[in-house]
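A.B. asks: Protein sequence lines correspond, in order, to chains A and B.
Residues in the first sequence are numbered consecutively from 1, following our numbering.
Residues in the second sequence are numbered consecutively from 1, following our numbering.
Because the hints were derived from the structure by calculation, they are not lab data.
Being a predicted model, the structure only gives us computed values, none of them experimental.
Please note that a few of the clues may not be correct.
Said to hold, decoys possible - Over the 12 Å line for every Cβ pair with chain A, so calculated as not near, a few chain B residues:
(1) E31
(2) P70
(3) V118
(4) E165
As the list claims (entries may be wrong) - Derived BS3-like pairs (lysine-lysine); straight-line CA-CA distance at most 27 Å:
(5) K152/A to K156/B
(6) K120/B to K81/A
(7) K174/A to K196/B
What the hints assert, rightly or not - Which residues of chain B face chain A? A few of them, derived with a C-beta cut under 8 Å, are:
(8) P80
(9) L81
(10) E94
Even for Gly, the Cβ is constructed at its ideal location relative to N, Cα and C.
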Amino acid sequence: MEFIKDIIQYEFLRVSLVSTILTSVITSFISPIIVYKKMEFIGDGLAHAIFAGVAFAVIFQFNIFFGAILATIVFAFLTYKISQSYKLSESTIIGILLPVFMSIGTILFSKANKYTSDLLSYLFGNLLMISVNDLYFLIAITAFTIIFITSKTCEISYWISDESMAEFYGINTKKIKLLTLINISFAVVAALKIAGVVVMGAFLVLPGVFAKKNAKSLIHAVYKGLLFNMTCSIVGFIVSYYLNIPPGPSIVLISFAILVFTFLHFGEVIKTS
Amino acid sequence: MDWMIRVKNLSVKLGEANVLNNVSFEVKKGEFTGIIGPNGAGKTTLIKALLKQIPFTGEVKINGKVGYVPQLSTFNREFPLSVYEFVKLPIMKEKNWRQQVDILLQKVGLEGFGEKLVGKLSGGEYQRISLARALINKPDVLILDEPESGIDEMGKARFYNLLNELRVEKDITILMVSHDIGMIFEKCTNIMCLNKTLHCHGPTKEIEPSQVKKIFGEFDIWIRSENHFEIEHKQIEKE
């Protein structure tokens, strides 16, 4: 009850809760694509790329979200471009770029000592960082994600299931891939203040892993992921409020517990996924 | 113009290696041509060049619309795609796709399979829905790349018979890569022996076993029946 009282009383809590719900919507839509396309590594890559963007924004004092978006888009574009030009897998490219972006971020942060207190907030997430303006940004990303995935479900499904045949029958798989990477970048930026860099990967993977089991289509997987994610995010948010811990790790641990419980309880454990 | 596929002086290089060297041939309307050759002979490369999926030198022309049945391994079987969605790919923007898919599923003997997930089908069923997809936009030429891999003998024979029926009924020209020399000699009207370059090409009855034997250097080939060949590795025979 204390939680409900505080939600009514404090605007920042309401904003944080709505942001958490919007973030869970975004990641529910994008996560099945990441898991089915076996791009789990990209979430981690983009999350760490953000670090360089955030450091850049902190030092040059412009909006953190713009810094984050810039870094993730550069990261996503480089991954896309290198994978098109050289015969390297996306995982290998991400493995190369990830430490490069992290190194840039670390060097920039080390040169800005007075801001290092913010560092932990970006690494682990912090509800107090979320503003009303951030909420507008999240609404825009949520709208983009829903419109992109629902309007291109067929093309995305063919791209994931058989890229060469999709291309053969005239689907522009390069465009779909680039738009998906940009959408994942947006999702990562959206989840930044709640999840933080360190546990972002789990935000992008766990709903997809849950949704994958017995899904009948991509959209069915999205709906399943949405139900799972909403539950975990709201419960995780409330737990983080009562225990006074960062929301990101709290949501991830709740998600993991529900995932393990579901797999164990409903049989056929993880081997099917 | 009685040719459906015309290839002139086709060469493909991958890095420094010559994968295909100066290949020229024509496939005429209504023919069912089987391409045989050992591993690394350039069979799949030839298909990719015909589909313009790789860079090449020379001339490749296909007269009409192409349907393509790829190797089994290209599909991500974990992804939940229904048979309906799978088969409708070439005509996804047409309004009456469901009706067309139903007709073709019936044709390939999989009536009522529309709602099933592709990942749950057997190898033989998967190849038949691949064939349905390749046929849905009414192609003039059908190209198949080892469609029988992973299917049992009975399934293979059924698949080849189905191909032949469709060829006659729909007047389609077929070009198929296969490792199953026996089936190729039994079912195809024409044969092409490929090993980097074209070693033989002609009607099945005119192809001599010695010509085929020549390109499978390290293999022995026996004639099992009048027009049935089988290959086995010498090493296996010795053992």
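A.B. asks: Using the nearest Cβ pair, does L81/B come within less than 8 Å of chain A?
C.D. replies: Interface hint status for L81/B: holds (5 Å vs cutoff 8 Å).
A.B. asks: Can we trust that E165/B is non-interface, i.e. its beta-carbon lies farther than 12 Å from all of chain A?
C.D. replies: holds, 24 Å
A.B. asks: Is K174/A close enough to K196/B, meaning Cα to Cα at most 27 Å?
C.D. replies: Outside the cut-off at roughly 32 Å; violated.
A.B. asks: Does the interface hint hold: is E94/B within less than 8 Å of chain A, judged Cβ to Cβ?
C.D. replies: violated, 13 Å
A.B. asks: Can the hint on P80/B be confirmed by a CB-to-CB distance to chain A that is less than 8 Å?
C.D. replies: holds, 5 Å
A.B. asks: Taking the shortest Cβ-to-Cβ distance between V118/B and chain A, state whether it exceeds 12 Å.
C.D. replies: violated, 8 Å
A.B. asks: Going by Cβ atoms, does E31/B stay more than 12 Å from chain A at every point?
C.D. replies: holds, 23 Å
A.B. asks: Given the hint that K120/B pairs with K81/A, test it: the Cα-Cα distance must not exceed 27 Å.
C.D. replies: violated, 35 Å
A.B. asks: Given the hinted pair K152/A and K156/B, is their alpha-carbon gap at most 27 Å?
C.D. replies: violated, 36 Å
A.B. asks: Decide, holds or violated, for the assertion that all CB atoms of chain A are farther than 12 Å from the CB of P70/B.
C.D. replies: Contrary to the label, P70/B does not stay out of reach of chain A, its closest Cβ about 6 Å off (not over 12 Å).
When each numbered hint is compared with the structure, violations occur for hints 2, 3, 5, 6, 7 and 10.
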